[in-house]
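Q: Mind docking chain B on chain A? Use the hints.
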Amino acid sequence: MSIRDRYAFAGVGLSRLGRIEGRSATELAVDAIEAAVADAGIDRRDLDGYIYQPSFDGGPEGTAPLIATGLPANFVWQLQAGSTTGISSVIAAVGALEAGLCKACVVLYATSAASHRLTIGAGMSAASSWGAHGFFAPVSIAAGMAQRYRHNYGMTDRQLGQVAVTLRSNANRRPEAVMHERPLSIEEYLAAPYLVEPLRKYDCCLVNDGAVALIVTSAARARDLRQLPVYIMGYGLDHSQARIVSDPNGLWHWDGFDVTRAKAAAFGTAGIDIADVDVAMMYDAFSMFLLAGLEAWGFCGRGEAAAFVADGHIAPGGSLPCNTSGTALSWGYMQGFTQLTEGVRQMRGEGGATQVRDAEICLVTGLGGSLEPAIGSSMAGCVLRR
Amino acid sequence: MESPSKPQPLLATEGDRVYWSGVREHRLLVTRCRNCGHTSHPRVACACAVPAPEWVEASGLGSVYTFIVYHRAYHPAFAAETPYNVAWVQLEEGPLLMTNIIGCELADIRIGMPVRVVYDEEANGMILPRFAPAGSQSSG
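Residue numbers (this note's numbering), protein chains in the order written: chain A, 650 to 1035; chain B, 15 to 154.
Please note that a few of the clues may not be correct.
Stated by the list, open to error - Quick partial rundown of chain A residues pointing at chain B, CB under 8 Å, derived from the structure:
id, residue
1, A781
2, G793
3, H800
4, P842
5, E846
6, S889
7, A891
Said to hold, decoys possible - Take a look, some chain B residues computed to stay more than 10 Å from chain A by CB distance:
id, residue
8, C50
9, M112
10, P128
11, A146
Everything labelled a hint here was simulated from the structure, so no lab data went into it.
Ideal Cβ positions, reconstructed from N, Cα and C, are used throughout, including at glycine.
The following block holds chain A by itself, in its conformation from the complex:
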C-alpha cells in the first residue's frame, strides 16, 4: 500500500542557531528534542524511534541526548547519506513506523561546527589525487558548475548574486535566522572578493551551531497530537556510483543535476506534477546548487534559472517561492535538515513574515556526493502537504 498521506510530521523543535559558545552538540540536540516534544504535546514514552545524522564536527555524542531526555528508543540509527540525510531519515522513520517498530520517531541533526571553528570540507581531498593538483573544498565543485553556466548561458556575477541577496532578504525577516540582523545588497555581494572564482563567500553556506529535531509518526497519531499534521505525500531517491562531475553516467555533472528517477518516484507516489508545487526548498549549500536544482526539478528550463531568480520568481511573493527562511546561505546550515525543517514549517503556516499564503504542497530536495573520486552522487526529493 502506498505511503502517501499515511505518515506525518507531528512536532518540530529548533535550538538557537549561530555561534553558541559553551554548548555542545549534545546539549543543542537536547534543546531541540525537548522543544519538539513540547511542540507536539507527545508523551515522551511514545517517542521510541531515534535517527540522527553525524555532522561535520561529529555531532551529538552517541546516545547522550537519549539519556538526557529519557526517550525510550527501540532503535538508534546513525544515518549518513550526505545532504540527502534529512529526507533519508524520514524514509527510514516511515519504514520503522510501517513495520510497527516504533510509535513515533525523532529525526535529528545537531552540530557545533562554528564553535569548533571548522572550515567544512576543507580537508576532503587532501588524501586523493585531486589534492595533488590543489583541489580542495566542496565550494570548488559549485564554482566549476558556475563557470560552465557562465559559459553556456552568459550568466553575470550580478545575476548569480541575486540568489544570495534573495535568500538573505528572507532571513532578514525571520528572527531565528543566523543572518537576521545582516542585510545584503547586490553591491556588497559584488564587492566581496572571489573565494574560489567565480564564487564568493556569500555564495557559500553558513557555518553555525544548532540543532533541529522533527517527530514523524502515523497520520492518525499526528492528528491526535497538538499541531496540525504535515503529511508526507511521497519521496524518491536515486544514486549513482559514477564519479561525480567526471562521468557522463552520473547524477551530478558540471552542467547540472539529474533527478529524473528521484522525481519520478517522489511525484509518482505523491500523485502530483510540477505545477502542483506551491513552495520549494532547493538544497543550497552553494548558490549554484539552487540554480541547478530549479532546472533539474523542472521549475524552469535548462539555462533559465539565473533569470528566473533575478526576475524575482523565487521570492516570497513570486510565482515559485523557494527557500523561504534563507536556508543554508542565510538561515542556518544543518545539511539537508535545513530545507526539510522549512518545508515542514511552511506547511504548518509557521513561516512568519515569509509564509507563503495558501501554500498546500511543498517539495523538499536534498543531494549528496563525495569529492573523493571513488564515491558517487545521490539525489532526493520529498513532497509534503498541509
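A: Just chain B now, kept in the frame of chain A:
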C-alpha cells in the same frame, strides 16, 4: 623551516598505479573497452560484458571543459601559489581529467580552449600532467 608538502597522488588501485607510472614516463594512459571502444579515465564500465579494458596512450590533446581559480589557500602547501587555477580538460578521446592550466595568464583561460599535456615536475619530484595552450612552446 620546512615548508608543508603538497598531497601526493593516491595509489589506491591497480588503475591508479598504472596511470601514475605512465605519467612518470610522460605518457597519458586511459582505459578503452576492447569491444565498443568506450574510453574513460578513471575506468568507467560501459554496457559491454568484456571484463578487462586495454590501456591506451591518449594523444595529450584536449580542451578546457571548466576551471576555477583559488583566491585563498585551503592547504598550507598552496598558500604561496594563490591565485591559482584547477581545471578539467576534456581529452580528445573523451574523458575529463582534473589538472592545472599552465603557460598562460589566469585571465586568458577559456572554456573550449585547445590544450596539450605537459609533464610538469614539482619541487618535490612529483610529476603531474598539466596542460598548456596547444601550439604554445613548452618543455613537455
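Q: Decide, hint by hint, whether the structure agrees.
A: We went through each hint and held it up to the structure:
1. A781: With Cβ-Cβ at 5 Å, under 8 Å, it holds.
2. G793: holds, 4 Å
3. H800: holds, 4 Å
4. P842: holds, 6 Å
5. E846: holds, 4 Å
6. S889: Violated, about 11 Å.
7. A891: Nearest chain B Cβ about 7 Å off; hint holds.
8. C50: Its Cβ never comes within 10 Å of chain A, the nearest being 14 Å, so this holds.
9. M112: Label violated. Min Cβ-Cβ 6 Å, cutoff 10 Å.
10. P128: holds, 15 Å
11. A146: A146 of chain B clear of chain A: closest Cβ-Cβ about 15 Å, beyond 10 Å.
Checked against the numbered hints listed earlier, the structure breaks hints 6, 9; every other hint is satisfied.
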